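**Student:** Chain residues, written in single-letter form:
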Amino acid sequence: DVKVTQSSRYLVKRTGEKVFLECVQDMDHENMFWYRQDPGLGLRLIYFSYDVKMKEKGDIPEGYSVSREKKERFSLILESASTNQTSMYLCASSLPSGHTDTQYFGPGTRLTVL
Amino acid sequence: SQKIEQNSEALNIQEGKTATLTCNYTNYSPAYLQWYRQDPGRGPVFLLLIRENEKEKRKERLKVTFDTTLKQSLFHITASQPADSATYLCALGPGGGNKLTFGTGTQLKVEL
Numbered sequence: 762d763v764k765v766t767q768s769s770r771y772l773v774k775r776t777g778e779k780v781f782l783e784c785v786q787d788m789d790h791e792n793m794f795w796y797r798q799d800p801g802l803g804l805r806l807i808y809f810s811y812d813v814k815m816k817e818k819g820d821i822p823e824g825y826s827v828s829r830e831k832k833e834r835f836s837l838i839l840e841s842a843s844t845n846q847t848s849m850y851l852c853a854s855s856l857p858s859g860h861t862d863t864q865y866f867g868p869g870t871r872l873t874v875l
Numbered sequence: 002s003q004k005i006e007q008n009s010e011a012l013n014i015q016e017g018k019t020a021t022l023t024c025n026y027t028n029y030s031p032a033y034l035q036w037y038r039q040d041p042g043r044g045p046v047f048l049l050l051i052r053e054n055e056k057e058k059r060k061e062r063l064k065v066t067f068d069t070t071l072k073q074s075l076f077h078i079t080a081s082q083p084a085d086s087a088t089y090l091c092a093l094g095p096g097g098g099n100k101l102t103f104g105t106g107t108q109l110k111v112e113l
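Chains A and B, in that order, give the protein sequences.
Here the numbering used here is used: the first residue of the first sequence is 762, the next is one more, and so on.
Here the numbering used here is used: the first residue of the second sequence is 2, the next is one more, and so on.
The hints are simulated quantities; they were obtained by calculation from the structure and are not laboratory data.
Errors might be hidden in some of the hints.
In silico lysine to aspartate or glutamate, EDC-like type, Cα no more than 20 Å apart, as pairs [said to hold, decoys possible]: (1) Lys764/A x Asp40/B; (2) Lys831/A x Asp799/A; (3) Lys764/A x Asp799/A; (4) Lys4/B x Asp820/A; (5) Lys4/B x Glu778/A; (6) Lys818/A x Glu830/A.
Here the structure is a predicted model, which means the values were calculated and not measured.
Kindly produce the complete structure, drawing on both the sequences and the hints.
**Tutor:** Shown next as structure tokens:
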């Protein structure tokens, strides 16, 4: 059974803190994605990676960075958390282009920045 | 710019009826369209994929249509059940690097 796990379900941080969100997939997928989801705005892509050490900016990369040192792990970093980064963060993985392109999502991390 | 529209208002229907959800898009020529289900506090789960050369796809009680002329997909759940209550997202692809573009979703509530 395919599985994408995220390090925390709920996280509370203070403004200015450095925040790490971890995502691990056990499906040997090449592609991994980080989204944030806000009411009325839907899923917005922050960053994605199609290979180890490769990354591409999504639609809203400002204030975020990512790291992919191993194929199964994709980390999202908030360098200096701000209150407008309070959101639900979702990680996903998929096979390379040309396959089914289905994305498999983790359970999400609800981050609150105070 | 690319735009995907799903009805932002919740759809309330009675158990046993057919639910029909709509996904419209503009400024996009997708090769395929996907539908996902999302329960509160959880990540989306893939349901169905339909390609641009397919008119209709079925899976158990689910049916998806794809009209590239109208730039619209319809998602049907027949014999709906309270357990079908969730938010349903449509997604178009591919973008570069196997990206998908998601709609904002429509909440479905199936009442007894």
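**Student:** Determine which of the earlier numbered hints do not hold for this structure and return their numbers in increasing order.
**Tutor:** Structure breaks hints 2, 3, 5.
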